[in-house]
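Colleague: Starting from the given sequences, assemble the full structure and let the hints guide the process.
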Amino acid sequence: MVNVMKSEFVYSNNCNWEDARQFGSILGQCFLSSPDEEESWIELMEIENLRVIHRNKEVIGGLAVVPMAQWWGAKSVEMTGIAGVGIAAEYRGTGAALSLMQQTLKELYIKGIAISVLYPTTQRLYRKLGYEQGGSFYGWEASAQSIQIREQPLPMKAVPTDSQIFYELYEKQAKNINGHLNRAKPIWHRIMTPDKGSIYAYLIGSAEEPEGYIIFSQHPAEDGAILRVRDWVVLTNAAAQTFWSFLNNHRSQIDKIRWRSSVIDHLALLLPEQTAKIKFMQCWMLRIINVEKALSTRGYSSGIETELHLEITDDLIPENNGKFILSVAKGSGKIAKGGKGELKLDIRGLASLYAGLFSPQQLKLAGKLDGTENSLANATQIFSGTSPWMMDFF
738 MVNVMKSEFV YSNNCNWEDA RQFGSILGQC FLSSPDEEES WIELMEIENL RVIHRNKEVI
798 GGLAVVPMAQ WWGAKSVEMT GIAGVGIAAE YRGTGAALSL MQQTLKELYI KGIAISVLYP
858 TTQRLYRKLG YEQGGSFYGW EASAQSIQIR EQPLPMKAVP TDSQIFYELY EKQAKNINGH
918 LNRAKPIWHR IMTPDKGSIY AYLIGSAEEP EGYIIFSQHP AEDGAILRVR DWVVLTNAAA
978 QTFWSFLNNH RSQIDKIRWR SSVIDHLALL LPEQTAKIKF MQCWMLRIIN VEKALSTRGY
1038 SSGIETELHL EITDDLIPEN NGKFILSVAK GSGKIAKGGK GELKLDIRGL ASLYAGLFSP
1098 QQLKLAGKLD GTENSLANAT QIFSGTSPWM MDFF
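So in this note's numbering, spot 132 of the sequence shown is number 869, and the numbers just go up one at a time.
It is worth saying that the hints were derived from the structure and are not from the lab.
Since we're looking at a predicted model, the values are computed, not measured.
Heads up, a few of these hints could be off.
Under the rule of at most 35 Å between Cα atoms (straight-line distance), these lysine-lysine pairs were calculated in the DSBU-like manner [unchecked claim]:
#1 Lys933 <-> Lys1016
#2 Lys1081 <-> Lys865
#3 Lys848 <-> Lys1071
#4 Lys812 <-> Lys1081
#5 Lys843 <-> Lys1081
#6 Lys993 <-> Lys1016
#7 Lys843 <-> Lys1060
#8 Lys843 <-> Lys812
#9 Lys1101 <-> Lys1074
#10 Lys909 <-> Lys794
#11 Lys812 <-> Lys1060
#12 Lys865 <-> Lys1077
#13 Lys1030 <-> Lys1101
#14 Lys922 <-> Lys848
#15 Lys1071 <-> Lys1081
#16 Lys912 <-> Lys1067
#17 Lys894 <-> Lys922
#18 Lys1067 <-> Lys909
#19 Lys894 <-> Lys993
#20 Lys912 <-> Lys1077
#21 Lys1067 <-> Lys843
#22 Lys1105 <-> Lys912
#23 Lys1101 <-> Lys1014
#24 Lys894 <-> Lys1014
#25 Lys1071 <-> Lys1105
#26 Lys933 <-> Lys865
#27 Lys1016 <-> Lys1101
#28 Lys894 <-> Lys1030
Pair ranges (Cβ atoms, derived) [claimed, not checked]:
#29 Leu1102 <-> Glu959: 19 to 27 Å
#30 Ala962 <-> Ile1015: 15 to 23 Å
#31 Ile1062 <-> Glu959: 54 to 62 Å
#32 Gly849 <-> Ala1073: 35 to 43 Å
#33 Leu781 <-> Arg829: 23 to 31 Å
#34 Lys922 <-> Thr1109: 43 to 51 Å
#35 Ser1096 <-> Gln1019: 16 to 24 Å
Every residue, glycine too, gets a C-beta built ideally from N, C-alpha and C.
Modeller: Shown next, in the form of structure tokens:
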């Protein structure tokens, strides 16, 4: 058990059912949800993954940690997601949320976690804790009538939503996309469990050698029925064409198709006209918990052989402070303490650099880092790649 006193707040990672009940009531007020919804959420997250903060032995807030991993450079990096951060209304603005998060991050460092990711309700709080924008979460929409792709190269086969094949196909796609989750149980549960109605799942291609899948739900709306793609994988061009052809065949019953993809959506490249529009967008935030582990377990381009001299500051985790040399060769990175400190940045700037969401030059213009021309050029080589994104919200 970890109990850490900061001012009048006491942090605990040993949550009992009474703590969970009190925390559930706080979450219901924070997120406008019913007691049944919060009870289901707590059961899904599992009580051992709850962290709460007390004042005078009363639970005044909490959160859930979601142990999983994230793909960076085709390697799975150990990551903990943060979800459901909630503070009782009468204690907001007192520093309770800051204290709760600080102690959670220190605990994650002790456990050897490399990085953490969350979806912020407010960036200001999480920037104080060392988080910075790390990748995007985009929702797209197109009218079913506008798809106009009729050729279907591959068969479609309805399959149960609990089929093991989804996990295998998802990993084949996800490992090549920076920012995609190596999903935990709660993430898969969210995909497969409808708010209401039914979930439909289809393999794209033969049962023996599938080339993708689509999982979706259908919803009535005032301005026409909506087909919401909850998850998708397309591993070949034939699978991508079949994906759209299948959705095109719903045009007599469905008015709008919605799906999640990157800011520049390669799926929409197949559409005959630019009819797909962004429905929503949000940036998730990344925190480097352990500098050495994060940089050494991430993957890099196999064609790069160089080194980068970093000088990092971290106000919360002192072990992350100092000078480091990142040596990259054959797709892997090695980290050692010392060096010239040619690229100077705090832990927030390192998060955005690590993700490759912004170039080193852009981060310099934003005041997130400073360095020599040579260090900026090396950093550009090391962290360049497609813009990181994910299709999961937690």
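Colleague: Run every hint past the structure and note whether it holds.
Modeller: Now the hints, each set against the structure:
1. Lys933 <-> Lys1016: holds (21 Å)
2. Lys1081 <-> Lys865: holds (18 Å)
3. Lys848 <-> Lys1071: holds (21 Å)
4. Lys812 <-> Lys1081: holds (26 Å)
5. Lys843 <-> Lys1081: holds (23 Å)
6. Lys993 <-> Lys1016: holds (11 Å)
7. Lys843 <-> Lys1060: holds (21 Å)
8. Lys843 <-> Lys812: It holds: about 25 Å lies between the C-alpha atoms, which stays within 35 Å.
9. Lys1101 <-> Lys1074: holds (23 Å)
10. Lys909 <-> Lys794: violated (47 Å)
11. Lys812 <-> Lys1060: holds (25 Å)
12. Lys865 <-> Lys1077: Answer holds: Lys865 to Lys1077 is near 27 Å, not above 35 Å.
13. Lys1030 <-> Lys1101: holds (24 Å)
14. Lys922 <-> Lys848: Answer holds: Lys922 to Lys848 is near 20 Å, not above 35 Å.
15. Lys1071 <-> Lys1081: holds (19 Å)
16. Lys912 <-> Lys1067: Distance of about 17 Å is within 35 Å: holds.
17. Lys894 <-> Lys922: holds (25 Å)
18. Lys1067 <-> Lys909: Between Lys1067 and Lys909 the Cα gap is close to 21 Å, so the pair holds against 35 Å.
19. Lys894 <-> Lys993: With a Cα-Cα distance of about 23 Å, the restraint between Lys894 and Lys993 holds, given a limit of 35 Å.
20. Lys912 <-> Lys1077: Status holds; Cα separation ~33 Å.
21. Lys1067 <-> Lys843: Holds, because 33 Å separates the two Cα atoms, which is no more than 35 Å.
22. Lys1105 <-> Lys912: holds (28 Å)
23. Lys1101 <-> Lys1014: holds (31 Å)
24. Lys894 <-> Lys1014: Holds - the C-alpha atoms of Lys1014 and Lys894 are around 29 Å apart, at most 35 Å.
25. Lys1071 <-> Lys1105: Measuring from Cα to Cα gives roughly 24 Å; hence the hint holds.
26. Lys933 <-> Lys865: Given pair Lys933, Lys865 is violated - Cα atoms ~38 Å apart, limit 35 Å.
27. Lys1016 <-> Lys1101: Within the cut-off at roughly 31 Å; holds.
28. Lys894 <-> Lys1030: violated (42 Å)
29. Leu1102 <-> Glu959: 19 to 27 Å: violated (44 Å)
30. Ala962 <-> Ile1015: 15 to 23 Å: holds (21 Å)
31. Ile1062 <-> Glu959: 54 to 62 Å: For Glu959 against Ile1062, whose Cβ atoms are near 59 Å apart, the range 54 to 62 Å holds.
32. Gly849 <-> Ala1073: 35 to 43 Å: For Gly849 and Ala1073 the Cβ distance comes to about 18 Å; the hint is violated.
33. Leu781 <-> Arg829: 23 to 31 Å: Holds - the Cβ-Cβ distance for Leu781 and Arg829, about 25 Å, lies within 23 to 31 Å.
34. Lys922 <-> Thr1109: 43 to 51 Å: holds (46 Å)
35. Ser1096 <-> Gln1019: 16 to 24 Å: holds (21 Å)
Against the hints set out earlier in the document, violations occur for numbers 10, 26, 28, 29, 32.
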